[in-house]
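S.K.: As you go down the protein sequences, you meet chains A and B in turn. Quick note: to get our numbering, add 1020 to the position in the first sequence (first position is 1). Quick note: to get our numbering, add 59 to the position in the second sequence (first position is 1).
To be clear, the hints were calculated from the coordinates, so they are not data collected in a lab. Accuracy of the hints is not assured; some may be wrong.
Said to hold, decoys possible - Derived DSBU-like pairs (lysine-lysine); straight-line CA-CA distance at most 30 angstroms:
1. K1062(A) to K254(B)
2. K1103(A) to K329(B)
3. K1022(A) to K329(B)
4. K1103(A) to K312(B)
What you are looking at is a predicted structure, and each value in this text was computed from that prediction instead of being measured.
Spelled out from the first residue to the last, the chains are:
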Amino acid sequence: MKVNAQPSADSLLLTLDGELDASSAVLLDTELNKPELLNFRKVLVDCAKLSYISSAGLGVFISHLQRLQDNNVKLVFFNMQEKVFNVFEILGLDSLMTIVPTQDAALAV
Amino acid sequence: MRNPLLLIGFLLALLSGGLAAASLWGPHGGGPPPWLAWAALAADLGLLAVLAVLFFRKPAPAAVAAVPRRAEVQSLQRLVQIVQHGQTSAEIYHILLEAAVQTARADAAWLDLNPDHASIGGADATQYYRLAPAQADALRAGLRVLPLPPHEDEFITNDLNLHPGFAAFPTDFRSLMQLPLRGPRLDYGVLYLLKAEPHTFDSEDLSVLQTFTSQAVLSIENLTLNAIALHNQRTQEELKIASEVQDSLIPKKLPTDDWFEISTHSLAAKEVGGDFYDFLLLPGRRLAVIIGDVSGKGITAAFHMAQMKGIFHALMQGNPLAKNERDRFPLPSRFMAQANAALAHCLERSSFITSSLYIIDYQQGGFMFARAGHCHTLYYHALREEVFYFQSTGLGLGIIRNEGYEKHINNQFYDYGPGDVMVIYTDGIVEARGAGQEEYGEARLKQRLEECYFQGAEVIKQCILNDLNSFTAGQPIHDDQTLLVIKFKAVQPGLAA
């Protein structure tokens, strides 16, 4: 699992590559824990290469959800593979998080 | 002082010689051939001769020689003591210090222990023998000036006062022997022996005491290993107890009535797991069924699983103040909202629980359920001869921890008919992996039910499990698995029953 963070003017682009499980969740948590994250208006998560997400992986996003919302930072997922989207959907997270098909749609949010 | 190792060799040679002789003259059963025993005896006599020469090389006056030899035997006994009687590392260090002082007939000594290790067994960081801590401090300061590497090596100095470190402050102790306690991973400390007279320690003393220090280190290492083994064993036993306790939380006696049958399966990936299910028969011939899955595995998940079971039983006890029988029990969505509020205080921020609650009503011929982020329910509709997954929305528990949760959960109603089948499970079933790491999946589960819906609940469960087990053959199970099959009997008894 690789996590790449690329800041731009008002958003931070996180690119996830590989399987997000209990061991790699720590990497992502470190990234989302950074205080400067709250300076952005949006955090865009590119899931094109995210092949699997475990409950520990979901737990990382869930644990940061409230903090991001409280600071008016939008969490937007895009390019999500169907298998991964199903996991978000079954848990009901699609009603809480913004999941859009493409990067253009994500930038437009 | 004589080398006691020589004495051991002597004794060993005598003993083995005796054994060789015994095998030669004793009855010949299945023992070694006599020529071997002869050869052994000959070699042994040779060894005896060599040892005897070494031992009596410098004949000393009889009166003087008797004392050191008794001392040697005593030092051997002390060595054995280190091995046998040290129950704690503090005791071992104490025995080592005493044994070394007596064997080397030192006037004073101290033992500096590695502070990283000294705490094990409650040993003090420094142990003294007829020496004040201030004296040891002065000696340590003087030794630091020595050109020799101070801690890594054994060494003997014949006269400390000839060394630059002691030029300004001459010491009462002229001879010093330094012996490090070296372990394979850790240096345990350094032993210093002192004598008032110069030129009193020799290399023989050093080699004897080295056997003492290495024996002490070995004993300490054994103690540490024993402690670790004991700790592991305790943890294993505690886990076994946890596993038994958790097993007792899983219902063994399934509810029975003449309008349904139930079959269950549960398997934890570790000793304890985070899956759970439970049943309660409610008044009015209603059946409450709950299933859940705590995120994560092992002990943490098991605690929350137990908690969820408690929440289920507490909320399903019924509210005695309710105006009528129907209102006594919370609707599934209300139940989930209350459970969510209860869990909000104790679930760690990154954990969540998925759950579904079904209340099946025989009098109404239907059921109501709420799905809180849990796997979709698989259903066989007998009248339409169709197998499908219920599509409903609902958020997992512990994700939103405020009043807002209730907006994300709702009830779904469904009328069941005779012969219908409900398959309720956790993701450990559909996400079980095969040899190529592919998942078992919802589609394959659906196919199985399409093949065996007409069977009884037990046979349907077995049919699914057999297929799952052949799919995952040889793969370790990495998530807890739970499977419940509820079959509404083909002939539903009359309501008056």
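S.K.: Would you mind marking each hint as holding or not holding in the structure?
M.R.: How the hints compare with the structure:
Restraint check: the Cα-Cα separation between K1062(A) and K254(B) comes to about 77 angstroms, which exceeds 30 angstroms; the hinted pair is violated. The straight-line distance between the Cα atoms of K1103(A) and K329(B) is roughly 26 angstroms, inside the 30 angstroms bound, and the hint therefore holds. Only pairs whose Cα atoms come within 30 angstroms are accepted, and K1022(A) paired with K329(B) is accepted, the gap being roughly 28 angstroms. For the proposed pair K1103(A) and K312(B), the alpha carbon gap of about 37 angstroms is over 30 angstroms, so the pair is violated.
Of the numbered hints given earlier, the model fails hints 1 and 4; all others are met.
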